[in-house]
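S.K.: Read top to bottom, the protein sequences are chains A and B.
For the first sequence, position 173 (counting from the first letter as 1) is numbered 173 according to UniProt numbering, and the numbering increases by one without interruption.
For the second sequence, position 150 (counting from the first letter as 1) is numbered 150 according to UniProt numbering, and the numbering increases by one without interruption.
Just to be clear, a hint being listed does not mean it is correct.
One copy or any two copies: either way a pair holds, since identical chains are not told apart in the list.
[Stated by the list, open to error] 30 Å max Cα-Cα, derived DSSO-like pairs, lysine-lysine: (1) K445 / K457; (2) K353 / K398; (3) K432 / K397; (4) K140 / K125; (5) K79 / K265; (6) K79 / K144; (7) K487 / K397; (8) K487 / K451; (9) K79 / K125; (10) K442 / K315; (11) K140 / K79; (12) K451 / K398; (13) K162 / K290; (14) K221 / K457; (15) K125 / K277; (16) K459 / K162; (17) K477 / K397; (18) K451 / K265; (19) K221 / K356; (20) K162 / K447; (21) K457 / K162; (22) K487 / K473; (23) K395 / K355; (24) K398 / K487.
In case anyone wonders, no lab produced these hints; they're calculated from the structure.
Keep in mind that this is a model prediction, so the values were computed, not measured.
Protein chains: 2
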Amino acid sequence: MRGGNLSGSEGHLLESGLVVPVCRTRKPSSFSPPKPKFFTVRRSLAIRAMSGSPAVSLKEKEGTPKGSMGSLISTDPPKGTRDFPPEDMRLRTWLFNNFREVSRLFSFEEVDFPLVESEELYTRKAGEEIVGQLYNFEDKGGRKVALRPELTPSLARLVLQKGRAQSYPLKWFAIGQCWRYERMTRGRRREHYQWNMDIIGVPGVEAEAELLSAIVTFFTKLGITSNDVGIKVSNRKVLQAVLEKFNIPVDSFPAVCVIVDKLEKLPREEIEGELDKAGVPSNAVEGILKALSLKSFDDLEALIGAQSGAVAELKQLFALAEGYGIQDWLHFDASVVRGLAYYTGTVFEGFDKDKKLRAICGGGRYDRLLSTYGGQDTPACGFGFGDAVIVELLKEKKLLPVLPHVVDDVVMALEDSLRVPAAGVAARLRSKGRVVELVIEKGKKMKWVFKHCDTLKAKRLVLLGSTEWDQGKVNVKDLDAREQTLKTVDELIEST
Amino acid sequence: MRGGNLSGSEGHLLESGLVVPVCRTRKPSSFSPPKPKFFTVRRSLAIRAMSGSPAVSLKEKEGTPKGSMGSLISTDPPKGTRDFPPEDMRLRTWLFNNFREVSRLFSFEEVDFPLVESEELYTRKAGEEIVGQLYNFEDKGGRKVALRPELTPSLARLVLQKGRAQSYPLKWFAIGQCWRYERMTRGRRREHYQWNMDIIGVPGVEAEAELLSAIVTFFTKLGITSNDVGIKVSNRKVLQAVLEKFNIPVDSFPAVCVIVDKLEKLPREEIEGELDKAGVPSNAVEGILKALSLKSFDDLEALIGAQSGAVAELKQLFALAEGYGIQDWLHFDASVVRGLAYYTGTVFEGFDKDKKLRAICGGGRYDRLLSTYGGQDTPACGFGFGDAVIVELLKEKKLLPVLPHVVDDVVMALEDSLRVPAAGVAARLRSKGRVVELVIEKGKKMKWVFKHCDTLKAKRLVLLGSTEWDQGKVNVKDLDAREQTLKTVDELIEST
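Isolated chain A, as found in the complex:
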């Protein structure tokens, strides 16, 4: 059985990752914000042809209402893209920090690649969805380029570039934005972020086992259990063995994998038609489908024998999983193929056990990617883990963290004449590592300040009033203990 309602199947590029909007953890504030005078926001598609912004005190032209320069621009981000206001950014940062922390525990090193890459890096001919949805364009120099749809080809390019200058194995991770463009848009997102971990230079399934253990470590860190999530594991050599049985030409293999991956999405006749075009005779289709339905190693061995290597590799991988203590998370399932042409061995796919969501992550072994780029064969494997489905899952399981903006001290001058020393107090507290909100607005009342402290979850409020300041002191309110004391600035800093 295939991975829930997975509608795409791009291996490293999770289609799913591009589709589901990041859930917002914003919670209603108990503090009603001051109504700024300067907003009357309406949405509009027009934009004024701007001549720049004249300085404030220059005389306004007659007939132009002061402060409003014309019709409003579209304030939405471009179709299929996201803004990250603070509440969404906190969630993204939290997620990325978890990606980083897990990668670090496994001794992986972070890398990154250009957002714009040459189109040629992606134009494989196997009919992958990822190629059909390339966000490509011609740059001003006439070069065919694309916003990267996935990170693996860039990684392969960098590995080729560095060549002998590096010691193997490479254990690299990356967290990067990936793009796609569909001509027929269905309100789907055009960008997502993806966490990749890759091991270059290790031919054994010990590498895949490390990757799977990292994924499980990540889930566990977030409070997700093997009751919530599983990882289906298979090996493309299963399909390869079946194709060999039917004497199907070697060149067809990547395309056949991509077609077979669409089994749950397309009508059977369409699949058969595509397989026919790829050189697969109709009498082989049954054999392929039968192989894909297998769920046990014994049945697999009975069908393809042990000579393909698939059975031995799978058994070794599951044995290592026992060592890592992640065996409850893994499920052998021959239906997992993944939709990228370049996989050659192990393939896997994380899924939610409620089968409500698309694939959470996916990856596999791609021992021939570097040679398709003109380098020498290099054993390699990796996975992609998008930023969208995981957030959906956390929401579903009520595991989304509460991530408030947290401030240590709010510092405020009660009179304008004390703004200079107030800045000094803020600077000294910050030099001690305190997160300090200095009140720089004017004319704010105490009621507003206390509400502001509440919104910011501030621990202390430091007030500068002239009576105390003339005695060299400030008023320190401990907002948790609800205590108030007069302190010199030195005492305040020392007590920090």
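Please build the complex by placing chain B on the supplied structure of chain A, with the hints as guidance.
M.R.: Same frame as chain A, but now just chain B:
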């Protein structure tokens, strides 16, 4: 005098940030890496038309050398872009963490925006370099879009979008990649990262003072002193007062600022020609140049009087700087104008005192940007700080950090039969927060392992050999103390 050899002047977009390559801290390794067999890297511009990567064990076509599929792709990143291999990424991460930590101390919240924005967000008519070098293109839906050249317009768009749903002031920061495209390329970079901090909703120079204090806090954190770096500060109202004197039309102001910013780069006649086109009579040019040469508040007051607000604002800003203890870093210098059309008040620019580098950072007040987008006037100020010039400066001052990849434990099975328990040991150490390099390569000798530990700066080496393992023990080598002990796995974990 203008800012050293600054050749561009885009305010929030530091031209400089796009030009100087990030210096690599890579140091020669004492460990000679094993020569992988699978690389013979040559550079080539051709790429094979790929049909995908056939599985490893399938028969090779005759005449194709095993493992090499054709001519090598170009392994360089696209023109003007960068890869971030581990050593460069560590530097980037270190720099960004410092940006984040300083922003946090000032109680700013992180935000981000789409990398692709509507072209209209940037097409101001003031002749800015940033608009002339827009990395724009038509997407597949025929929309005119651009890779963002700066972050401020996106921020303004998001502020307009959120409207009354937020409480002011907003204190936001962002770290994002920005792009440009020159038709006439001079080997300059097309992308850089930029740290922005912006305050929305505060009209007083208390906001600018916070920003300047944040910048100085950042410099100080990196070991840079006011002997190394200064920040020139001026106010566009100075120029505005001069233009008013000569009855120059209000609409010309943004364009005049952009032209005047080019004073050091273009011949005097060209500047005068451009000013003439912008409606500035030749008799006004002398007055403008005189105003720009001022370096003291007294001279400024003598020239333009106090009524423009410029003098009062500048004096208040420098008084606040004393409060923050950053007065040594600031220099009033009327020649600072910045090259973006949207600034309306304070403008500033960080420079190295040796005058070897371009501007390090720049910013100012832009109270009218939201109204040019069709919203209501909103007081705002901010700065942009690129990732390139600062690295050049750190290199120059020998302040670049040494940032090795650091590992706690290297775990290795001495026999293949112990790979499963070795995985278990690694998993348990990682669950305690240890960074663990598990040796997953096969056939490695002890000599290699010790070199590997040395390269990774590992603290311990944990070896699983069958003799000890049969007694339930592992061999633990403390690599700093050069001690070796036998421990049970429980003892190992407890001693961690």
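S.K.: State for each hint whether it applies.
M.R.: Structure-based check of each hint:
1. K445 / K457: within (18 Å within a copy, 56 Å between copies)
2. K353 / K398: within (15 Å within a copy, 54 Å between copies)
3. K432 / K397: between (39 Å within a copy, 26 Å between copies)
4. K140 / K125: Classified as both: same-chain Cα gap 26 Å, cross-chain 21 Å, threshold 30 Å.
5. K79 / K265: within (26 Å within a copy, 39 Å between copies)
6. K79 / K144: Close inside one copy (22 Å) and across copies (12 Å); limit 30 Å.
7. K487 / K397: neither (47 Å within a copy, 40 Å between copies)
8. K487 / K451: within (23 Å within a copy, 57 Å between copies)
9. K79 / K125: both (28 Å within a copy, 25 Å between copies)
10. K442 / K315: Between copies only: 18 Å across, 70 Å inside.
11. K140 / K79: This pair counts as both: shortest intra-copy Cα distance 23 Å, inter-copy 12 Å.
12. K451 / K398: within (29 Å within a copy, 47 Å between copies)
13. K162 / K290: Neither: 43 Å inside a copy, 54 Å across copies.
14. K221 / K457: both (26 Å within a copy, 26 Å between copies)
15. K125 / K277: Classified as within; 13 Å inside a copy, 55 Å across copies.
16. K459 / K162: Only across copies: K459 and K162 sit 28 Å apart there, 50 Å inside one copy, limit 30 Å.
17. K477 / K397: This pair counts as neither: shortest intra-copy Cα distance 39 Å, inter-copy 43 Å.
18. K451 / K265: neither (53 Å within a copy, 51 Å between copies)
19. K221 / K356: For K221 and K356, the Cα distance is within 30 Å only inside one copy (22 Å; across copies 48 Å).
20. K162 / K447: Between copies, since 25 Å is at most 30 Å while 61 Å is not.
21. K457 / K162: This pair counts as between: shortest inter-copy Cα distance 22 Å, intra-copy 48 Å.
22. K487 / K473: within (5 Å within a copy, 58 Å between copies)
23. K395 / K355: Within. Shortest intra-copy distance 15 Å satisfies the 30 Å Cα cut-off; inter-copy 53 Å does not.
24. K398 / K487: neither (44 Å within a copy, 41 Å between copies)
When each numbered hint is compared with the structure, violations occur for hints 7, 13, 17, 18 and 24.
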